[in-house]
Amino acid sequence: MPALYILIPVAIALVGFAIWLFFWAVDSGQYDDLDGPAHSILFDDEDPMHKAGVSQAQKPDEPTDDEAPPRA
Amino acid sequence: MLAISGACRRIASKLAPTYPVKHPATKCPTQVCAPMASPTPCYHCGLPVPAGSRFHAQVLGETRAMCCPGCQAVAEAIVAGGLEHYYKHRSESAANPQSLPQALPDELALYDRADVQQPFVEQHGELSETCLLIEGISCAACGWLIEKHLRDVPGIAEAHLNLSNHRLQVRWADSQLPLSQLLKELRKIGYAAHPWQADAAAEQLQRENRRAMRELGVAGMLWMQVMMATMATWPEFNIDLSPELDRILRWVSLFLTTPIVFYCCGQFFRGALRDLRTRHLTMDVSVSLAIGGAYVAGIWSTISGQGELYFDAVGMFALFLLTGRYLERRARERTAAATAQLVQLLPASCLRLDGDGHSQRILLSELRAGEHVLVPPGALLPADGRILSGQSSVDESLLTGEYLPQPRGVGDSVTAGTLNVEGPLTVEVQALGDATRLSAIVRLLERAQSEKPRLAEIADQVAQWFLLIVLVVAAVVGLAWLQIDSSRAFWIVLALLVATCPCALALATPTALTAATGSLHKLGLLLTRGHVLEGLNQIDTVIFDKTGTLTEGRLTLSAIHPLGELDSDACLALAAALENRSEHPIARAFGRAAQAAEQVDSIPGLGLQGLVEGRQLRIGQPAFVSQLSGQAAPAIPGAQGQWLLLGDSRGPLAWFVLDDRLRDDAPTLLAACRARGWQVLLLSGDNSPMVGEVARQLGIEDARGGMTPDAKLAELHKLHAQGRRVLMLGDGVNDVPVLAGADISVAMGSATDLAKTSADAVLLSNRLSSLVQAFSLARRTRRIIIENLVWASLYNGLVLPFAAIGWITPIWAALGMSLSSLLVVLNALRLTRSPNP
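Chains F and U, in that order, give the protein sequences. Note that numbering that gives the first Met the number 0 has the first sequence beginning at 0, numbered continuously upward. Note that numbering that gives the first Met the number 0 has the second sequence beginning at 0, numbered continuously upward.
Just so you know, the hints here were simulated from the structure itself, not pulled from any lab data. Wrong hints could be hidden among the right ones.
Claimed, not checked - Pairs of lysine-lysine residues, derived as DSBU-like cross-links and limited to a Cα-Cα distance of at most 30 Å, are as follows: (1) K717(U) / K187(U); (2) K87(U) / K521(U); (3) K50(F) / K87(U); (4) K147(U) / K521(U); (5) K147(U) / K187(U); (6) K50(F) / K147(U); (7) K521(U) / K58(F); (8) K50(F) / K717(U); (9) K147(U) / K87(U); (10) K87(U) / K183(U); (11) K183(U) / K147(U); (12) K187(U) / K87(U); (13) K58(F) / K87(U).
Please construct the entire structure, taking both the sequences and the accompanying hints into account.
Structure representation (structure tokens):
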């Protein structure tokens, strides 16, 4: 199993990198709010840009005037 | 510093809309009227809509009823901004705009002054950046609404709301949009915002949170690597491992486990050290022994190249325990964030009078003793002082528990933090800041807090016995094996220590408490300190406050006695028409009127006069009302409550009795307390016969009125000296020292901020019946904790003999540990199911 001689250092290096990345994420405040982002995804459906994009994808040929954002 | 006072909010909630008494009549003279059939809830805030309300708004294609102009304005602003989807996605009703602290336009303008902004606003070139604490957030949709609304406001570059701690980070161009305008934008959609500065405590909390998150992540990531390396050395998985690779894998495991032990588990070792110094055997000691033992043995085994490796057990143990603690911390903090507001009992600004009688709005910190301030009706007194001119009544209920505003005139002294109700007052400032009566109460609070007794936790008691038993057994087994086969003795003792390591035992309590905290949150009871649930089972005495706790804490109409030919409904309609034009708190008790009165004049201290349907009417003091008809004033027929006379030019029409009303669910709570055999006390600062009346209605034998904060605290000390465990339920500033000193304290949701922050739990819903449910949930939690502890000890007891005869290998230790932990967690999750089994 000579492959292990390479794989083990690689695994250690990877976990080291992962921990560094994780520390960076925590320190930049990405884990400070664990409730908000879980909900914010639900509201993306209401985004006028998103709605316009969806209707464009469904009927690519029609103009999207009526689905355009009411007040953008 | 610059915060609208918390006391404002409580007063605002006192002014929350009340509803016209449908069947006032003479059936319930000076007694509590039966609650009315529930009216439609307001579409915006969920409070009942009074009958005949004129307030509506078009939301999501339908006309929705609103309870007040505030809700209507907010709903219309939301719809106009194209944000009505908020209503589709919200999971909770919004806060009533009237329940938010009022902000005066000229007070907001103070925020635009550069010297005021300097401490909390940072400048980045064109843009300013600040952090605001938002009040009124009820669910996730609020976050979306706020961010979305602000991003559409010209001049705002970025707005990000943190839902966990209700802080809004905002960047804006100050030249285009002054800060006061930004605060007004938030108010338009129904939220109050205060500039927020991180104090030392908040910064420390953030550091601790991030550290806990890092420890958890490191333990998780390294454990997976350690598991792979360690398991590779087990003969069960790997039969053809070369001795060379075995050696390498052992060193790799040791290398990866070291950060877990020293970085992630530091808190267990520190805790253990602290407890050993105070000669206590706690869970931390037990946990540290297991982790330390397995780690030290692992080093020995790595160096010598023989024996079992338990590094994966160390990692798993660390990860499970850290997860349990992290979840518990989060559950506690989320609830704390919902209540964490600024502890400010005084107004942020006040009106100073200069020599020529001109008033100028200044910050409270700029006020000096000896200066004169003008306190308009509806404003809080900024300092202790003496009245120079003016006649008014002052609401001191927060400080003294007196539920009726007290009349005050020239020469009388007034106290900082109380509310001026009727007329404008000019006050000479005598004491400020630390010298005020209010500060004296706060100091009393600090003393009480330091004397607070600590309730014993079941888990630590069990851990103590567990640890003793395991150590004794390990010593006996070790000695026995030394006689039988000395080469195996060390490894068998080690296997025994690891196999019996109290993973499930240590998880038993935090998981149950986390689950129960979540359930209680849904009931509207927020736990801000960890010991409440366990402690509720040890309570044997309850102290209640009266005003605002057992009673509603605001004046409501309790009876109408017609004197002339008009019946009570007609009299109420006339009185309501008059009172609707007044700002006095009494006016709210009359509900909303169908008719409108004209030419209404308010005469401070006497009453109101005006025209309704061309009829000249007066309401208020009997002498003032009788003047209109020229007749002699009738004598007030009762003693209790506030009696108002309504009359026209021909004579008196009716008496209105206003009184503080008992909460509807107070009897249920009292019955629940008595059913548990608890001794019940009523300690009130109120001096009036109302105390005796409430006690009589609720059947409380030991009721005392006119208690000062010191007297209440002394009573608590007396109870503690008798060895009693005390639960305190209160709301006012005068209850704060007792709340801080009681074994367990619960503050009402409508309480002052100071009361909320010094209590262990906050009854957000203000429903006393939630407390009854909390009592039973506390019992269930205790049962689950005991079940968990029994199971965990049983498991450990079961493996003990197998470990003693040397049958346990690392694989069995790992398997048993995860299964028992899983069982404990699943058992705890039962608490999240409906609180009413």
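Exercise for the section: Sort out whether K87(U) lies within 30 Å of K58(F), counting only the CA atoms. Expected result: Holds. K58(F) to K87(U) sits at ~26 Å (cutoff 30 Å).
Practice task
Assess, step by step, whether the Cα of K87(U) is no farther than 30 Å from the Cα of K521(U), and give holds or violated.
Solution key: 21 Å, holds
Problem - Straight-line alpha-carbon gap K147(U) to K521(U), limit 30 Å - result: Answer holds: K147(U) to K521(U) is near 27 Å, not above 30 Å.
Problem - K187(U) paired with K87(U) [C-alpha distance capped at 30 Å] - result: 19 Å, holds
Exercise for the section: Mind checking the alpha carbons of K183(U) and K147(U) for me, to see if they're no more than 30 Å apart? Expected result: 15 Å, holds
Problem - Given hint K87(U) paired with K50(F) - CA-CA distance at most 30 Å - result: OK: K50(F) and K87(U) at ~16 Å, within 30 Å.
Handout entry: 30 Å Cα cutoff - pair K50(F), K717(U)
Key = Distance ~67 Å between K50(F) and K717(U) Cα, so the pair is violated.
Handout entry: Distance restraint between K717(U) and K187(U), which requires alpha-carbon spacing of 30 Å or less
Key = 51 Å, violated
Practice task
Would you check the hint for K50(F) and K147(U), treating anything up to 30 Å between C-alpha atoms as holding?
Solution key: 16 Å, holds
Exercise for the section: Measure nothing beyond the straight line between the CA atoms of K87(U) and K183(U); if it is 30 Å or shorter, mark the hint as holding. Expected result: Satisfied, since the Cα-Cα distance of roughly 25 Å is no more than 30 Å.
Handout entry: Pair hint outcome, K147(U) versus K87(U) [Cα-Cα no greater than 30 Å]
Key = 15 Å, holds
Problem - Pair hint outcome, K521(U) versus K58(F) [Cα-Cα no greater than 30 Å] - result: Distance ~44 Å between K521(U) and K58(F) Cα, so the pair is violated.
The structure shown violates the earlier hints numbered 1, 7 and 8.
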